[in-house]
Structure formats: C-alpha cells, structure tokens
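Student: Those protein sequences? They're chains A and B, same order as listed.
Residue numbering for the first sequence is 1 to 116, as defined by the working numbering.
Residue numbering for the second sequence is 1 to 112, as defined by the working numbering.
Just so you know, these hints were derived from the structure itself, not from any lab.
Hints are not guaranteed to be accurate.
[As the list claims (entries may be wrong)] Label-pair ranges, simulated between beta-carbon atoms:
1. B:Arg17 x A:Leu116: 26 to 34 Å
2. A:Gly28 x B:Ser51: 18 to 26 Å
3. B:Arg107 x A:Thr104: 21 to 29 Å
4. A:Leu116 x B:Asp55: 44 to 52 Å
5. A:Ala30 x B:Gln2: 25 to 33 Å
6. A:Ala5 x B:Glu15: 28 to 36 Å
C-beta atoms are modelled at their ideal positions from N, C-alpha and C, and glycine is treated no differently.
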Amino acid sequence: EAGVAQSPRYKIIEKRQSVAFWCNPISGHATLYWYQQILGQGPKLLIQFQNNGVVDDSQLPKDRFSAERLKGVDSTLKIQPAKLEDSAVYLCASSTWTGAGSDTQYFGPGTRLTVL
Amino acid sequence: DQQVKQNSPSLSVQEGRISILNCDYTNSMFDYFLWYKKYPAEGPTFLISISSIKDKNEDGRFTVFLNKSAKHLSLHIVPSQPGDSAVYFCAAGTGTASKLTFGTGTRLQVTL
Numbered sequence: 001e002a003g004v005a006q007s008p009r010y011k012i013i014e015k016r017q018s019v020a021f022w023c024n025p026i027s028g029h030a031t032l033y034w035y036q037q038i039l040g041q042g043p044k045l046l047i048q049f050q051n052n053g054v055v056d057d058s059q060l061p062k063d064r065f066s067a068e069r070l071k072g073v074d075s076t077l078k079i080q081p082a083k084l085e086d087s088a089v090y091l092c093a094s095s096t097w098t099g100a101g102s103d104t105q106y107f108g109p110g111t112r113l114t115v116l
Numbered sequence: 001d002q003q004v005k006q007n008s009p010s011l012s013v014q015e016g017r018i019s020i021l022n023c024d025y026t027n028s029m030f031d032y033f034l035w036y037k038k039y040p041a042e043g044p045t046f047l048i049s050i051s052s053i054k055d056k057n058e059d060g061r062f063t064v065f066l067n068k069s070a071k072h073l074s075l076h077i078v079p080s081q082p083g084d085s086a087v088y089f090c091a092a093g094t095g096t097a098s099k100l101t102f103g104t105g106t107r108l109q110v111t112l
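Using the sequences and the hints, build the whole thing.
Tutor: See below:
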C-alpha cells in the first residue's frame, strides 16, 4: 500500500513570495491533515479535512495560509505572502477517521520550507 | 499552554538495555495516546497506541503504559537496538475530534 505522498520535498523562497505544497493521501482515507513542525517542536495541526469539508482550521493563519481538498482526495496548502517565521516542515497526514472513535494518522515525508 | 509535555529532550541508552521515554499531559479529555518515531528527513511513523480504558499495550519490543490518575504515559523499548535511534513524539487525542496534540519529542540515542 502506497503511503502519503508530498511534494516538493524542499523549497527555498524569499519573504513575501508565495508557495504551494501538494499532498496525496493513502487511498481510501477520508480524513487529511496539514501540520506545521517548527524546529525543536512537535507537529502543530493547521487544518483537518474530512472528505472535502473542513473539520478544524482554528490554528490556520487565514490571512496568509489557505488550503483546499478538491474532490476529497489530493490537497494543496498555500502560503501567500510568506514570512520568515513560516520556515518549518509542513507535514501531511491521512487517516480513516470518519467522525468518531480513536484515530491513527499516517504521515508523509514532509516539505521543508526555508524563507529567507 | 502545552497540553502534552515531554520533559526530556534527549536520552542515551546502551544497546540491549531498556529505554524509557516519558510523557505528561494536562487535558483530562484526552482518551487515546500514540507514540510516533521520526528519523531525519522523514515524516513521523506510527509506533504504538493506547486507549484510556487500558493501562498497558504491548507490541513486540514496545510497551506503552498509561497512568490516568497521574496523567502520565511512558514508552518502554526492550531491548534497545541501534536502529531505534530517532526522535520519539508522544501524541494525544479525543475520540470525538481526531485532532492530535503532540509533545516536543525526545531524541533517543542507542549506543553500541
């Protein structure tokens, strides 16, 4: 079974530029998550989708971050404009969670973003 | 407010000995807990989980213990192997929301 795929793996941009990350979850997984992991910290949830609807985006900085999951499969996360403090690894995860019960999330390799 | 804490940033253990990684939480609504292992340049890999209705779960060399009254869980690795060297994250969630809250991680080094 293929795992969660993410691209690009690495991205370097200058502040105020825009950037987009792509995620393809494990086939059949209804729920998709985007996390931000700053160096030395644990992953922090940015947004959670169930199918193509948003379940939780309470920690997404909506003035600059946006995400979509068209057709309930692939997802993109965009930052526009980027700030220095956005330098982090952006992790995508997916799971079979459908609204209740415990959940095991499976992570992709992440995209390391450096903002100069 | 950090709801999941891993107070030891690093741990060094000799090969063959037991590794014990600790995690504390403050939110009494958490009802399941997971441990993830992370190698450099890779995403976290699920290791083992435990529901709040249990106090122990075992999978091969890995055992997780949960002490609900102390709001504490620990991961035991016996025997430790060099391939276990990685960063270990504790995470907690509630069955109604699925959202996971992660600790800051403990870097385990298993030496020969």
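Student: Could you see if the CB distance from Leu116 (chain A) to Asp55 (chain B) stays within 44 to 52 Å?
Tutor: Since Leu116 (chain A) and Asp55 (chain B) have Cβ atoms about 49 Å apart, the given range 44 to 52 Å holds.
Student: Given a hint of 28 to 36 Å, does the C-beta separation of Ala5 (chain A) and Glu15 (chain B) actually sit inside it?
Tutor: Because 34 Å falls inside the window, the suggested range holds.
Student: Given the hint of 26 to 34 Å, check if Arg17 (chain B) and Leu116 (chain A) actually sit that far apart at their C-beta atoms.
Tutor: Hint violated: Cβ distance 44 Å, outside 26 to 34 Å.
Student: Starting from the hint 25 to 33 Å, judge whether the C-beta atoms of Ala30 (chain A) and Gln2 (chain B) obey it.
Tutor: holds, 29 Å
Student: Holds or violated: the 21 to 29 Å window for the beta-carbon distance between Arg107 (chain B) and Thr104 (chain A)?
Tutor: holds, 23 Å
Student: Would you say the C-beta atoms of Gly28 (chain A) and Ser51 (chain B) sit inside 18 to 26 Å of each other?
Tutor: holds, 23 Å
Consistency note: the structure conflicts with earlier hint 1 alone.
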